[in-house]
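Required output: the full structure, derived from the provided sequences and hints.
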Amino acid sequence: MDFFERQDDARKKSKILIVYFVLAVIGIIAAIYLLLAFGLSMTGDIQRSGYNEFEISAPASKSLWNPELLFGTSIGVLAVVLLGSGFKTMSLGAGGSVIARELGGRKLDSNTTDADERKLMNVVEEMAIASGVPVPEVYLMENEHGINAFAAGLSPSDAVVGVTRGCMKLLNRDELQGVIAHEFSHILNGDMKLNLRLIGLLFGILMLSLLGRIIMRTAYYSGSGRSNSGKNNGLPLLLFGLALMIIGYIGVLFGHLIKSAISRQREFLADASAVQFTRNPDGIGGALKKIGGLSYGSKIVDPHAEEASHMFFANGMAKSFSQAFATHPPLRQRIKAIEPHWDGKFPKVSLPEISSSMDGRHSRGRGAVAGLSGLAPSAGGTSTGNPSARDQADIEDFFSSMAVAKSIDSIGQISEDQIRAAQSIHREFPENWLHAVHNESGAQALIFAMLLAQDDALRGEELKMLGSSTDRVTYDTTVQLHQEFGDLHSSRKIALIDLAVPTLRKLSPGEYDRFVQIMRHLIASDQKVDLFEFMLQKIIQRHLDIHFKRHPRIRIRYNSISQLADDAEILLSTLAFLGTKKEEKARKAFDAGASEIESAIGGKLDVRSGDECGLQRIDEALNRFELAAPLVKKRLLLACGKTVMADEKIVSDEAELLRTIADTIGCPIPPFVKE
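Counting in the working numbering, the final residue of the sequence shown is number 1070, and the numbers go up one at a time with none missing.
Worth flagging that the hints you see were computed from the coordinates, not collected in a lab. Please note: incorrect hints may appear among the correct ones.
Using 27 Å as the maximum straight-line C-alpha spacing, the simulated BS3-like pairs for lysine-lysine come out as follows [to be verified]: (1) K1044 / K980; (2) K588 / K933; (3) K483 / K944; (4) K933 / K923; (5) K976 / K588; (6) K743 / K731; (7) K944 / K888; (8) K859 / K888; (9) K976 / K933; (10) K588 / K483; (11) K483 / K502; (12) K944 / K901; (13) K483 / K1044; (14) K977 / K1044; (15) K999 / K1044; (16) K410 / K564; (17) K944 / K502; (18) K901 / K888; (19) K999 / K976; (20) K1044 / K976; (21) K502 / K901; (22) K933 / K859; (23) K502 / K888; (24) K564 / K502; (25) K588 / K410; (26) K502 / K410; (27) K564 / K743.
Derived Cβ-Cβ restraints for the label pairs, each shown as a range [stated by the list, open to error]: (28) R867 / A510: 27 to 35 Å; (29) D908 / G688: 45 to 53 Å; (30) K999 / L477: 47 to 55 Å; (31) K980 / F482: 56 to 64 Å; (32) K999 / N954: 42 to 50 Å; (33) H916 / K999: 37 to 45 Å; (34) V696 / A474: 32 to 40 Å; (35) N954 / L477: 25 to 33 Å; (36) G688 / P825: 38 to 46 Å; (37) V868 / A919: 41 to 49 Å.
Just so you know, even glycine gets a beta-carbon here, dropped at the ideal spot from N, CA and C.
Okay, here's the thing in structure tokens:
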């Protein structure tokens, strides 16, 4: 399955999950009802025989059918389950950071000087650049000695990656890259949202067990537990609590079956994706082998590990008595799928092998692999990284139709070339740029620097406004970075934006509002908005507005491309006329892309004039496509790709708009990499 099919599959599994949940709740209601009905049917008439004493006559024969009891039981169970699930789901609304903190994670400082933490941060940043998504926050589970990791979040915009100390310390860079690539597969393909929904729903069922435990404790410690005659009148309540706890755990048992059914196959897919990403089966394969050879294995000791067990890279719990309840395939099976000729032997791994120093090639994540050719996405732009002659050749031949086709085809499926490209980009950035993206003042200055006007007079007015709206450090950094950026190509700027997003999340709501206000002022200062400014604003606000609760969560509204035909005409027409000034060639490009959509809707699309394709209209079209189903988005991007590839080359404006379209509708497009 490709990115879009896996996204669609995740949606279908979410619906199936709801069905399973409903069936589990119905089963629990039936079990509790039968328990109560049977108890009442076995209860005889209670009569007063004397002062404060009762006698129970022989049980009366009663029917188990009791509509009032069924109604009351249903209301009670639904209240407990839905309140529990609702509470947990709402608590997870902030994204993956909630899970990371619950599991004892500490957010790593992006400016960390610890060698192992720096290695981990570099690998995550490179993978983010390669996949075209903002860098996720990284959490270290310091008290976990096993080798494990997880990705959590509702979307790539709020994703986090968690790694155990054992994973960070015991794995070499290739193995760590394999694990992180595995987790990025979950980030890109919709698995994270499904996993969080699973946690929320199952917590509601678990609430019944917790309620049963509370009832048992109340009955046991109640002062009215025994009468004057020594009879335990609290016993029925105690037994009811025990029964409720058992019934609740039956629900949890079925919950584990659901988790296992959903999780196991996705782990195989993520393993395969990691190998495809890195082209290095020894990476993820080596990590899995080290888990098998380590006494700690992949065990997670945190008490919250159970509810998140299906999210881990490897099984974080004790071995299940039945494979039906295992959330992960057996280690040997996973390794054999990656390395068919593996000899079946696990390496001996112990704590003395932990190394706190990094390979010198990666001390700053700069020399990832000797002899790599750089990505060179610069059409007419310059790079401060002083590219080699081979890099420069790639730059001159960068915008080709093959590069575009490959990037669209590999959305959600990072290639080895893209990882190398990301390493090359990361290696090129000067120290002060990387320092800027990793602190709040510098990250804001970096965005402002990209937006400053080239005209001296206009830039002077913008700087005057900036000086009165920001502090001196931010102002000075903005001026310095603007001078250093020069005509830096937009692909490098996009990589810097992706690196800066997690830092900008650290702003307070008030600081973020001020940042957005300044950004909009800089964009509007020349009374026009160019494509780069439009792209930058869309990327920044898409990934940050949700975090700062300025944008509602995305709900799919359009399941057919025919519902968005007018919007598709606007986007394809804009791309067609960006590539050429000649109407005949533009129409040819439009027709090339339109054919992809016309085959689905059974009708013709009409090319739009320039007056109909302003940025406001483009913005409205993108906002609607953001609410489309994954396979609808796929058809749009394929159509856009065919449009820009019609003349077998892609100009910078086309590249920027294509990236904007993909990013805005939630399809992270990787860098264009030359074959």
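Structure-based check of all given hints:
Annotation: proposed proximity of K1044 to K980 holds, straight-line Cα distance about 13 Å (limit 27 Å). Distance hint between K588 and K933 is fulfilled; the C-alpha atoms sit about 23 Å from each other, no more than 27 Å. The hinted pair formed by K483 and K944 meets the criterion: a straight-line CA distance of about 18 Å does not exceed 27 Å. Restraint check: the Cα-Cα separation between K933 and K923 comes to about 16 Å, which is no more than 27 Å; the hinted pair holds.
A threshold of 27 Å between alpha carbons decides the hint, and for K976 with K588 the separation of about 44 Å lies outside it, so the pair is violated. Between K743 and K731 the CA atoms are separated by roughly 19 Å; this keeps the pair inside 27 Å, and the hint holds. With a C-alpha separation of about 26 Å, the suggested pair K944 and K888 falls inside the 27 Å cut-off, and the hint holds. For a cut-off of 27 Å, the pair hint linking K859 to K888 stands: about 24 Å separates their Cα positions.
With a C-alpha separation of about 26 Å, the suggested pairing of K976 with K933 holds against the 27 Å cut-off. Among the hinted pairs, K588 with K483 is consistent with the structure: their alpha-carbon atoms are about 14 Å apart, no more than 27 Å. Of the supplied pair hints, the one linking K483 and K502 holds, its CA atoms being roughly 22 Å apart against a limit of 27 Å. Between K944 and K901 the CA atoms are separated by roughly 14 Å; this keeps the pair inside 27 Å, and the hint holds.
About 50 Å separates the Cα atoms of K483 and K1044, which puts this hinted pair outside 27 Å; it is violated. The straight-line distance between the Cα atoms of K977 and K1044 is roughly 15 Å, inside the 27 Å bound, and the hint therefore holds. Taking the CA atoms of K999 and K1044, the gap is near 26 Å; set against the 27 Å cutoff, the hint holds. The straight-line distance between the Cα atoms of K410 and K564 is roughly 39 Å, outside the 27 Å bound, and the hint therefore fails.
Distance restraint check for K944 and K502: the Cα-Cα separation of roughly 21 Å lies within the 27 Å cut-off, and the hinted pair is therefore satisfied. Taking the CA atoms of K901 and K888, the gap is about 21 Å. The hint holds against a cut of 27 Å. The straight-line distance between the Cα atoms of K999 and K976 is roughly 23 Å, inside the 27 Å bound, and the hint therefore holds. Only pairs whose Cα atoms come within 27 Å are accepted, and K1044 paired with K976 is accepted, the gap being roughly 15 Å.
For the given pair, K502 sits about 12 Å from K901 by alpha-carbon distance, which is consistent with the 27 Å threshold. Straight-line distance between C-alpha atoms of K933 and K859 comes to about 25 Å, which keeps the hinted pair within the 27 Å bound. Distance check on the hinted pair: K502 and K888 sit about 26 Å apart at the alpha-carbon level, within 27 Å; holds. Between K564 and K502, the direct Cα distance comes to roughly 17 Å. Compliance with the 27 Å bound is thereby established for this hinted pair.
Of the supplied pair hints, the one linking K588 and K410 holds, its CA atoms being roughly 12 Å apart against a limit of 27 Å. Of the supplied pair hints, the one linking K502 and K410 is violated, its CA atoms being roughly 33 Å apart against a limit of 27 Å. As the CA atoms of K564 and K743 are separated by approximately 15 Å, the hinted pair is consistent with the 27 Å bound. Checked against the given bound of 27 to 35 Å, the beta carbons of R867 and A510, roughly 34 Å apart, stay inside it.
Between D908 and G688 the Cβ separation comes to about 52 Å, which falls inside the hinted range of 45 to 53 Å. The given range of 47 to 55 Å is respected by K999 and L477, whose C-beta atoms sit roughly 49 Å from each other. The supplied range of 56 to 64 Å is met by K980 and F482, whose beta-carbon atoms lie about 58 Å from each other. Range check, K999 to N954: Cβ separation about 22 Å, and the 42 to 50 Å hint is violated.
The hinted range of 37 to 45 Å is satisfied by H916 and K999, whose Cβ atoms lie roughly 43 Å apart. Between V696 and A474 the CB atoms are about 34 Å apart, so this pair conforms to the stated range of 32 to 40 Å. In this structure, N954 and L477 meet the distance hint of 25 to 33 Å, their C-beta atoms being roughly 28 Å apart. Between G688 and P825 the Cβ separation comes to about 41 Å, which falls inside the hinted range of 38 to 46 Å.
A hinted range of 41 to 49 Å for the beta carbons of V868 and A919 is inconsistent with their spacing of about 25 Å.
Violated hints, in rising order: 5, 13, 16, 26, 32 and 37; the structure is consistent with all others.
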